[in-house]
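S.K.: Produce the entire structure from the sequences given, and follow the hints as far as they go.
Residues per chain, in single letters:
Number of protein chains: 2
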Amino acid sequence: MDKRKSFVAVHAGAGYHSTSKETEYRSVCKDACKQAMEILRNEGTSLAAVTKAVSVLEDSPLTNAGLGSNLTQDGIVECDASVMDGLTLTSGAVGCITDVQNPVLVAKQLVQKQVQGGLSLGRIPPSILVGPGARQWAEEQGITLTAEGGLVTESSRRTYLKYKRKLDHQTALMEKRQTADDTVHKKMKTGKDDLECGESSGVQDTVGCVCVDGDGNMAAACSSGGIWMKHRGRMGPAAHYGVGSWAHNGCCDGKPGVAVVSSGGGEHLIKTFLAKTCADSVQKEPNASLAVSSTFKDNFLESEFLSGVEDKHGGVLVLKHLMEDDGFREAEVLWAHTTDSMCIGYMLETHSKPTTFVSRLPESSLPGKSFAMEGRILNFDQSS
Amino acid sequence: MDKRKSFVAVHAGAGYHSTSKETEYRSVCKDACKQAMEILRNEGTSLAAVTKAVSVLEDSPLTNAGLGSNLTQDGIVECDASVMDGLTLTSGAVGCITDVQNPVLVAKQLVQKQVQGGLSLGRIPPSILVGPGARQWAEEQGITLTAEGGLVTESSRRTYLKYKRKLDHQTALMEKRQTADDTVHKKMKTGKDDLECGESSGVQDTVGCVCVDGDGNMAAACSSGGIWMKHRGRMGPAAHYGVGSWAHNGCCDGKPGVAVVSSGGGEHLIKTFLAKTCADSVQKEPNASLAVSSTFKDNFLESEFLSGVEDKHGGVLVLKHLMEDDGFREAEVLWAHTTDSMCIGYMLETHSKPTTFVSRLPESSLPGKSFAMEGRILNFDQSS
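For the protein sequence lines, the chains are L and A, in the order given. Note that the numbering used here has the first sequence beginning at 703, numbered continuously upward. Note that the numbering used here has the second sequence beginning at 703, numbered continuously upward.
Just so you know, these hints were derived from the structure itself, not from any lab. Glycine included, every Cβ here is placed at the ideal spot set by N, Cα and C. Any given hint could turn out to be false.
[To be verified] From the structure, some residues in chain L lie toward chain A, with a derived Cβ separation under 7 Å:
(1) Pro828
(2) Ile830
(3) Val832
(4) Gly835
(5) Ala849
(6) Gly851
(7) His933
(8) Met937
(9) Tyr943
(10) Phe1007
[Said to hold, decoys possible] Anything over 12 Å on all C-beta distances counts as not near chain L; from chain A, calculated:
(11) Gln737
(12) Asn744
(13) Ser762
(14) Arg860
(15) Pro1064
(16) Glu1065
(17) Glu1076
M.R.: As structure tokens, then:
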């Protein structure tokens, strides 16, 4: 255990972050990093740290996770979350869970129950629970539930009503013109006045955290309320194995450890297994920047699984970590996104405070069609 | 379109099939093949054919899918199903859906809605729906619902009550001895008197179908009621993207088309993305038997994601298809399983009737520790 070499990075969603709220977004990321680092400084595991960071992000009404999540078409909050532990290669996830304060805690508990082992009568512990059964299980495990609708905020309710009016209006128009003009119908389907971008209040998706602890163990966690006005029961990328979060400690044969979380247009992330694809690439290609950029180009923007999709919105936060037999350790953190922006925070144990910023696509780039990528080599011995 | 070159293969679950019921299992597989072939002969697509075959398997009370599915701990049926279309590389899935006669039809409808394209307000059509929202969506789409509890049969209810008594008894014993003896506790957790094998009535898991149609398009579909006495909300492999079903038409650059369905111990299939891993391997390695056997050895039985797991129960049904520019076509069907048995059926358009049989592990092999594999090269021009 060398807790001085622990590191945590978080993001508050790949999407659109208005400059007017930039300070608030950064402040949430800062808080999440600090609380996760507190755990690492007390010799907690990376699993505990990522879960803590994501709970902090969930508790902020500003993010699209936990409290203040986007509402479904019928006005409720259904959350997705997952956690992956790189030491045991165990993942836990919840999909479309309602009225649980911190969905990520349920995902963590699912990891822990799987690591503990088999159930009676030879049953295998579940890796993913969805819907009412997930909430019921959480309650049995003593995890805090909210009152019904307890994750809806005044602001999310207001935005919901605004979108609801738009949706009802468009539906009425579409029904009216359905038989008359297919072109109108088509235009409305792909209209720019949509829920994915352009809202001044800011639209984000899945939040997440990657971490390496003092023992060199990797973990990743993510959480999301899903897209605005989704159909009830629509399970997003944050709950999909291999999509929202991935962590792998690496091996003695020089394969680096890696932790990745993804965010963005759900079904596009799912179709490309974005977190796992990125992690696999980082473990194969020695140059981490090349690994991440080639994943974004070949396996996302030009993926055969997304052919015909005009705009591909996605982002990743990646942590690569190498630990040699003599204890020498080096690490690198990278972020890449095709979305307008992504709010990032990170902190080394040796740092007195987290670094936070909003990464933005260059003005010349079109969201959904090109990506921005950046990274930092982590110097475990340097204070700040 | 050369409908004479269409082919369909089904399986009624990798698990344990008693010899006394062998004729019944084979009869269901036969019926599923025939009904799917009827669609292919009428120039239907592989997508329509796999869905039809799996609906037939679901409608049989003998299989663990649709009617007669395994019950959850609290006595209800929750189904998982998925469909993948190899032409558009689109997958649709439902998880923990209740009271829908044919879950696979909902999955197929999700594929079709995605292929149709975007929703109003820029929303992306969902690829997976779970829980009550999935049933609600099915109803909106005009898919047949059952009465509440309509998928429970007299036989499944009886088996449930038997397991429930066992479970209640073990829980009571465990609670009693919890403080006294950890060894007892541990023994009970891994006891041989479990739900996964050894029941004389036969235990199966996910059923599935792979197909190539007259146009050379591939598709795969699967459906499952999940393991006996699962917790409500436990989503199994049949609903997981990349796990239960996978289909890919292949490319002009000589990459073969492939369709794979998997079955067995859910969480083990999930952790290893069994269907996709197998399909990727078949598309890379020219020798299909070698591709499937190396997947079973390296990526399942010896997978780092299943380290510490004593018995690994899984099976796959694989279809490989090569179509050259001049219309020359060749295909191969393979099945492999570490489970005691797997009931298989297949049919070429040129055949007058399906071939069905139960594939069994050799007596010298231990279920969960070694696998049996077999296959047939398909001769599209030979009648039977």
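S.K.: Hint by hint, say whether it matches the structure.
M.R.: A quick look at each hint next to the structure:
1. The beta carbon of Pro828(L) is positioned within 7 Å of a beta carbon in chain A (closest approach about 4 Å), and the interface hint is therefore held.
2. The criterion of a C-beta within 7 Å of any C-beta in chain A is met by Ile830(L), whose closest approach is roughly 5 Å, and the hint holds.
3. Against a cut-off of 7 Å between C-beta atoms, the interface hint on Val832(L) holds, since the closest Cβ of chain A lies about 4 Å away.
4. Checking Gly835(L) against chain A by beta carbon gives a least distance of about 2 Å; that is within 7 Å, so the hint holds.
5. The interface hint given for Ala849(L) is violated, since its Cβ lies 19 Å from the closest Cβ of chain A, which is over the 7 Å cut-off.
6. At about 16 Å, the closest approach between the beta carbon of Gly851(L) and any beta carbon in chain A exceeds 7 Å, and the interface hint on this residue is violated.
7. Interface restraint check: His933(L) against chain A, minimum CB-CB distance 6 Å, threshold 7 Å, status holds.
8. The interface hint given for Met937(L) holds, since its Cβ lies 5 Å from the closest Cβ of chain A, which is under the 7 Å cut-off.
9. Because the beta carbon of Tyr943(L) sits about 6 Å from the nearest beta carbon in chain A, less than 7 Å, this interface hint is met.
10. Annotation: interface hint on Phe1007(L) holds; nearest CB of chain A at approximately 5 Å, less than 7 Å.
11. Every beta carbon of chain L lies more than 12 Å from that of Gln737(A), the smallest distance being close to 29 Å; the non-interface claim holds.
12. No Cβ of chain L comes within 12 Å of the Cβ of Asn744(A); the nearest lies about 28 Å off, and the non-interface call holds.
13. Chain L leaves Ser762(A) outside its interface by the beta-carbon criterion, the shortest separation being 24 Å against a cut-off of 12 Å.
14. The non-interface label for Arg860(A) is consistent with chain L: the shortest C-beta to C-beta separation is roughly 17 Å, beyond 12 Å.
15. Distance check on Pro1064(A): its Cβ is at least 23 Å (rounded) from any Cβ of chain L, clearing the 12 Å threshold; non-interface status holds.
16. Distance check for Glu1065(A) against chain L: the nearest CB is about 22 Å away, which clears 12 Å, and the non-interface claim stands.
17. The non-interface label for Glu1076(A) is consistent with chain L: the shortest C-beta to C-beta separation is roughly 27 Å, beyond 12 Å.
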